[in-house]
Amino acid sequence: MSSNALVSNVNKHIQENYWLYIISILCVFTGIILGIYSVKYMGEFEHKDLVNYLINFIDPSNTSGISYKLIFFQSIKNNIPVIIFLWFLGLTIVGLPIIVIIDLLKGFTVGFTFSFMISGLGKSGIGIAMLGVLPQNLIYIPCIIFASVISMEFSIMLLRNKFNKQWTSSISSRIIYYSVIFIVIIGFLFIGIIIESYIAPYFVKNLINNLGSLSK
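In this text, residue positions in the sequence shown follow UniProt numbering: the first is 1, and each later residue adds one.
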């Protein structure tokens, strides 16, 4: 497929699913805002307890033995099942509300993490959030949005076919094509997983060590 044909297909897909993208993006950003405000309205005891845990976790003396392999498998565990679940929801016809909730939860997690790091660690938290949270989420969030739209689009297509009684033998080939798209999404997701597992921890470790030495 030529680059022009690819761009044309992408533009066509976005135009045909414009409102689905709007819904997914709005849900993610609503979740981010809710995550930010949830930190603001946390109880003093819970906030202090989490801040102490975070400070202990990022203590320079605790960062020398970072297990990149452990982070890698934890990242897979945190992200791949979400994409698989979205794939499954697209096949269920009734999965639309759950897809929206997943988008909200993803946004909430990102918003809460950013807000809490900045609230608990101040200027240091900004640097840690920018290096340790933002890079992989520049991959994760578009993947979640794209997967959500593809899932909703497929679910709506199944629903229309059911009401119009247009079930045909081509449904199996459509499911295969739908599944291949999700395999590609998982491939892109692994870029974020590698960033989260090996690149971000390296930069965060160096930043924390520098902050630790400056504080002495």
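The set of hints was computed from the structure by calculation and includes no laboratory data.
These numbers were taken from a predicted model, which means no experiment stands behind them.
Please note that the accuracy of each hint is not assured.
[Stated by the list, open to error] Capping the alpha-carbon separation at 25 Å, the derived lysine-lysine pairs in DSS-like fashion look like this: (1) Lys-205 <-> Lys-48; (2) Lys-162 <-> Lys-77; (3) Lys-40 <-> Lys-123; (4) Lys-48 <-> Lys-123; (5) Lys-123 <-> Lys-69; (6) Lys-205 <-> Lys-69.
Of the numbered hints stated previously, which ones are contradicted by the structure, given in increasing order?
Those not satisfied are hints 2, 5.
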